[in-house]
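Could you put the whole structure together from the sequences, leaning on the hints where they help?
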Amino acid sequence: MRATLLVLALMLLPAAAGAEDLVSGLSQDQIQITSNYTGSDLVVFGAIEQTPDADSDTVDAGRRDVVVIVRGPSANMDVRRKDRIAGIWINNREVTLAAMPAYYYVASTQPLDKIASPDVLNRYQIGVDHVKPERTSTHKASRAEEFRQAVVRERVRAHLFTEAPAGVEFLGYSLFRVHVPVPAGAPRGQYTAEVYLFRNGVVMSAQSTPLFVDQIGLERNLFNFAHNEPFTYGLATVLMAVLLGYLSSLLFRQPG
Amino acid sequence: MEIYLPIAEMSVHWLIVLAMGGAVGFLSGMFGVGGGFLLTPLLIFYGIPSEVAVATTASHITASSMAGAIAQWKRRSVDFVMAGVLLAGGLIGTSFGVYLFKLLREAGQSEIVVSAGYVILLGTVGGLMLSESIQALRAARAGNPRPSRLQHHNWIHGLPLKMRFRQSRLYISVFPPLVLGFFVGMLSAIMGVGGGFILVPAMIYLLRMPTGVVMGTSLVQILCVTAATTVLQATSNYTVDILLAGLLILGGVVGAQFGVRIGAQMRGEQLRLLLAVLVLAVGLRLLIGLVVTPDDIFSVAVEGQ
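In the order they appear, the protein sequences are chains A and B. Using this note's numbering, read the first sequence as starting at 86 and increasing by one per residue. Using this note's numbering, read the second sequence as starting at 20 and increasing by one per residue.
A hint or two may mislead.
Claimed, not checked - Label pairs and their calculated CB-CB ranges: (1) B:322 x A:195: 35 to 45 Å; (2) A:328 x B:284: 23 to 33 Å; (3) B:223 x A:173: 30 to 40 Å; (4) A:328 x B:281: 21 to 31 Å; (5) B:139 x A:178: 22 to 32 Å; (6) B:223 x A:178: 42 to 52 Å.
Stated by the list, open to error - Just so you have them, the derived chain B footprint on chain A, three or more residues with Cβ under 8 Å: (7) 175 to 185; (8) 224 to 236; (9) 328 to 334.
Keep in mind that the hints were calculated from the coordinates and are not lab data. None of the values given here were measured: they were computed from a predicted structure. A virtual CB, placed ideally from N, CA and C, is assigned to each residue, including glycine.
Shown next, in the form of structure tokens:
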């Protein structure tokens, strides 16, 4: 739903308004993370192309900014708040944020609040303060915001939400690239890489490219095993425990 | 080398986990206890989610009780009839406990129940042990023999459905061992303990089993119940971490061997005093965790992960 809106918004952009056009690409459209590794790196690169009819005035007229966003798959998140009850901190209130991105990375040429107005940032969900769930289980806007901020804090701590206000690296006048860290804990699924070109706080051009993140390796296989065949997995764990216990009784004679 | 625990979903250093298993194994060998009540809090302090700590510790106890159970079996000091009745109660208890745990997790309350349960359990057991060992030390210093606390009759003997336990030389109702098994089984599911520290005194003082068969019988019961708990936790809560379990067990079985040797050189009262202090310290640390304002009062659980 939101993705369709975004695509619509991108299509409605005044294509002819600017004399500049945006091309971008990804280093990979498939990322495989081994969980025991420190994660992986994605490179988003692009160029701002000058159309031939552009005169030199438009190029220097005002500030030009590039914003790159990598958005992970959406998930429902149960957020709980602890309250002190009888001296002890107990989970008290629960709010579910439906369809919240589980991963979010934004890089820009300067701090986001200097690039565009809050309205614009909200419309395109640019910046961790502007990432919103589709629905919440509470009707109170202030409470929804309080719990949304808690998710942002938790994700930032886990390096799953990141803002890099100087993360867009320009190589010359028109070429740019962004290193996007994909940590080991990044959820698997469909991601999108979005590139926005701003001029004077207005989106001039935008591109969206899908990519897929998958987790591989022994740990992932064990996770799948535990979730797909839990009974066999449980038995295997018990078998391992019994065997190791038995082996230890063979190796070390019980004194006494 | 960092390894990623697939179920706990966190990176740990394998040596630290191995050392934790070894330390708990050492203590359990030294004091002759299962060690679950030390291992679960230790894992929680390290940052393992409490539901994973509880479920994974169950499998650790399966391994650590295995060696002991075999040794007792060879000595024929296992009352299999009694173990069977305890186990029947234990299986019902752990099934109920795992179900209860699932409900608690869905309500977001499993963490607090585990912590608060441990504070109560460790506080009570540690307090009792401390006062008992201080009394014993005083009595030993005064040169008096310890007064016997055994009574000759209790209410247990009035219950119906009596059954003969030949090896224990007992003719008692099946209800006390069934209820005892149930209670310990439930503890195993909710707190990740074998329950030996409750089972053994209850078998001696309540059921009046001869001390010669108590160790073996309780070990067989603990072995079977924790094995069942592991499978049940894996199937209904997906909280058993096989990598974590493997490392803890490897450390544990080695540590236990050293612990047994050290423990054999120490006096019983001193050992109990030491254990009591340790148990109280762990309980206190958990209590502080409950009372102190957390860094972030919010917690996030991603659905379907």
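> Does the Cβ pair residue 322 (chain B), residue 195 (chain A) satisfy 35 to 45 Å?
Replying inline: Holds - the Cβ-Cβ distance for residue 322 (chain B) and residue 195 (chain A), about 36 Å, lies within 35 to 45 Å.
> Honestly, do residue 223 (chain B) and residue 178 (chain A) meet the 42 to 52 Å range at C-beta?
Replying inline: Taking Cβ atoms as reference, residue 223 (chain B) and residue 178 (chain A) lie about 47 Å apart, which means the hint holds.
>> Looking only at beta-carbon atoms, does the pair residue 139 (chain B), residue 178 (chain A) fall within the given range of 22 to 32 Å?
In response: holds, 26 Å
> Using the C-beta atoms of residue 223 (chain B) and residue 173 (chain A), is the stated range 30 to 40 Å upheld?
Replying inline: holds, 35 Å
> How does the coverage statement for the segment 175 to 185 of chain A fare against chain B, requiring three or more residues with Cβ below 8 Å from a Cβ of that chain?
Replying inline: holds (count 4)
> Is it true that the C-beta distance of residue 328 (chain A) to residue 281 (chain B) lies inside 21 to 31 Å, as the hint says?
Replying inline: holds, 26 Å
> Should the hint that residue 328 (chain A) and residue 284 (chain B) are 23 to 33 Å apart at their CB atoms be regarded as holding?
Replying inline: holds, 31 Å
> For the segment 224 to 236 of chain A, do at least 3 residues have a Cβ located nearer than 8 Å to some Cβ of chain B?
Replying inline: That given contact holds, which follows from 3 residues of the segment 224 to 236 of chain A lying within Cβ reach (below 8 Å) of chain B.
> Are three or more residues of the segment 328 to 334 of chain A within 8 Å, CB to CB, of chain B?
Replying inline: holds (count 6)
In the structure shown, no violation is registered for any of the earlier numbered hints.
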